[in-house]
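A.B. asks: Residue-level listing of the chains:
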Amino acid sequence: MKPNWKSWLGRFRRAEPREEGPPAPPAPVPPAGAPSPRPRLEVGWATDVGRQRGHNEDAVLVVELEQGGYRSSPPTVLLVLADGMGGHRAGEVASALAVRAVARHILQACLMPLSEREHSADEPSLKEVLIEAVCRANELVIEHVPGGGTTLLCALLMGNQAYIANVGDSRAYLVSPGGCRQITRDHSIVDVMVELGQMTAEEAAHHPQRNVLYRAVGQRGPLEVDTFFCRIPPGEVLLLCSDGLWEMVNEGEIAHIVTVSSSLQEACDALVQKANEAGGKDNISVILAASPEPE
Amino acid sequence: MAQGQDKDPQESAGTLPREDLSTRVMPGLAARIGSTRLTGIPAPGPGAEATRPPDSAQRGEPARSGAGQLAEGTILQGRYRILGVIGSGGMSTVYKAQDLRFPKVQRLCAVKEMLNTATDPRVRAVMMQNFEREASILATLNHPAIPQVYDYFIEGDRAYLVTELIPGKDLEALLNETEGFFPEAQVVQWAVQVCDVLTYLHTHKPQPIVFRDMKPSNLMLDDQGRIRLVDFGIAKVFQSGAKGTMIGTEGYSPPEQYRGIAEPRGDIYALGATLHHLLTKQDPRLEPPFTFHKRPIHQYNPAVSAELQEIINRALEYDIQKRFGSAEEMKRALLSLKSARGLAATAYMPAPEGVRPDALKVIWQFACEDEVRSSPCIHEGVLYIGAYDNNLYALDAETGKFLWKYATEGGIASSPAVAEGRVFFGSTDGSLYALNAETGRLLWTYPTKGRIYSSPRVQFGHVFIGSDDRHLYAVHAISGRMAWSIEAEGAVRSTPAAGPEAIYVGDEEGVLHAVGVNGRLIWRFRARRAITSSPAVGQDLLYVGSQDWFVYALDLRAGWVVWRYRTDGPVVSSPAVTERTVYVGSADGHVYALDATNGYLVWRYRTGGQVTSSPTVYQGAVYVGSVDGCVYSLDAQTGQLRWRFQTGGPVVSSPRVAHDIVYVGSLDHNVYALPI
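Listed in order, the protein sequences are those of chains A and B.
Quick note: the first sequence uses our numbering, first residue 302, plus one each step.
Quick note: the second sequence uses our numbering, first residue 160, plus one each step.
To be clear, the hints were calculated from the coordinates, so they are not data collected in a lab.
Keep in mind the model is a prediction, meaning the values are calculated, not measured.
Among the hints, a few may not be true.
As the list claims (entries may be wrong) - One-sided excerpt, in silico: chain A residues whose CB lies under 10 Å from chain B:
| hint | residue |
| --- | --- |
| 1 | L427 |
| 2 | M500 |
| 3 | F530 |
The C-beta atom is built at its ideal place from N, Cα and C for all residues, glycine as well.
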């Protein structure tokens, strides 16, 4: 909805003084017979074992929710991505378990209640729901996958607003034709070193311990979850990916591929291909989502 | 690697990088699993440079198969009778034992046994060398704070190190058991002792020794209350410029240790980290590495002096060169503290930093005839403000000269707003007033059926204001005619906020109403107590405080809670929003700075009274009043006090800044103009 102050006030000034409430502006009339165009989110995703691994320890889950009719809510999509670790297949079990646990909690806790118009302090905040979802996944992984761990990245996208929770070094970016802007922070030692100016990004990229995480799902003790909230500007795309993509394909190439692809699915496939061409050292997972164009 | 390479992602710091990166190490995990370290030489792990799993004793794993522990009563070398296990884990077990060579007395000692289960002969050899190294380093040391070595021997395929048994508790266990904080003087006293022993190690001849694993659990407090340094498992003879492997304990280790640099000033960093942990009770192993500067000590423990914090901050500098050059230098700094002179540190309150309050020169002040609760509005060189003496005052903003006043029938709590040459305000006589801003002549009034505490919001030619008659009114700014009103559930004292699509206002029943520009309800949000605070519109979120102690960030369009932050008291203060930060006061006495997008605490500052005044942000500074009678100026980024100014009464009025002058009212009846 666009600001409509001016149109309303214009209308109001002609209204009778002291009238209790001017009439609501009439809804735009769609052409007869044609269904009114509806705003839709576009989503693409791909996950691939890569070139050098025996199996895929990444997991991806996407839930789309759209509602039409009276009081329709903005189109909503839940995106979850996890990159498992741990031997004896524990990694893939952990990541699969984690994405499902997150989705289950978010669907139950907030997706339907969010479309209501009355809210109260008795409901958990979105941030709390996201954190709780990740913590539940953490408990499940600890309980059921001893020796397994996983990164966990989830994004709830409603219209053009994204709510993101992250643990580990899978990344969320905003991709525009001009480049990529990283939203999340990696929970890796090298990332902190770079932030502190103790290491250059170049050194970090080749540091033998670049994959060492200080925070991941599957660890005992309190788990701190990062949350982010951002608006997706028109023309930009939300990217979620595992390190199998961002370690192999630089941000400029990512932006280029997303920009030239004709659909987000095509872009996902092309990104996976690019990572494989670059060596495909790890599993590669990609999710792309774009908010509906504003009317 | 000796141990289950692929099985255990919890292998920890110091683990060699693996070929197979799918098994990614998560250092520090083991260390997170609470800990009670026992007495004696509690060093689990043989100290092999590349293989030391820190604190694996705490993982609660069963003893490794094939490495059975010695049974009670076992006698080693015909001399040491095993009395029980003190701690075990990793590659070693520590036993309490009795030295039988002293039959008349019970001479106790600690026996550390290395379980060399590695199958690779080279690994076994390295581990053995490391164990020997620990023994030989310890054997050359002679300092009261370092446990004495009695014996070292090999029996079968196991190596043993016998040392003095230190009865007492380690500081981590003590920290966990202690309620509240350690007094500053206590911690300083320990720190001085640690500096002493570090000085001894760092100046050791022929070569300095770097301890490399300073942390609370490696500091024992013996029966005499003296600090003893234990676990030399990874201590190293310092060789300048030599690179080693990343080692140490996550959370305490200095940044350079991850680059393989181990040097004496790394121990100083780790001591800083240890002191930070001891004073704040914030376990650094649970925090992102190297983030002490983001968690200033006073934020957790306001009793700690600024001077001690400075010392700790210097020890924690990332840049080695910026730290204390030596433990001796740090000790001297510690000894210069007041708390080191035996003065009671517990009651010590940090002195006000920055400019002295009396150094602030008032530009002007103007006395009304009653309390000033209203916040000023400055427009074209004129300051408008209401007072409980029923008057709305117009003053010259530059000089404070009286221009005119307008008397209503009740006290004025409402803060005036100026638009289109008119000044609008409500009065507790129940009316909304519109005056000519220049002359003070009455243009119109709009009477409501209740007192007005809410302040007008003028937007697109309309005035929005709430009343105790439980209504929100939209009144045409020129004509004074009501466009619409909506009924709330309680009195509306909150000041309406205007967003691109709606007007937002709270009521005393705790309901926040989002009303469309046409007067129709868009959504409602119900807090648990009154919303007297006025909402603030951010880019996508609406921020509001409630008397239920929370600050809420609501989705602007739909009203759901995106995040909330709980203060320790009712929030009547209205948030001020910048691009990244929300500033708000609470009746708990603090001013809070919260991350606007996710509600994380950036900083908070404690004033001497409730903060019901609303902050104003201007050129990197936050201005706010407190019921303690002061006006505060805080650094917007750090929350450090820039200055404060004492008035003669509580300051509930919200400061406003114009042309580098801060204006605010006080319950001492005065309006003040202060330099920024």
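A.B. asks: All hints are to be evaluated individually against the structure, with a verdict given for each.
C.D. replies: Tested hints:
| no. | hint | verdict |
| --- | --- | --- |
| 1 | L427 | 5 Å, holds |
| 2 | M500 | 7 Å, holds |
| 3 | F530 | 4 Å, holds |
When each numbered hint is compared with the structure, no violation occurs for any of them.
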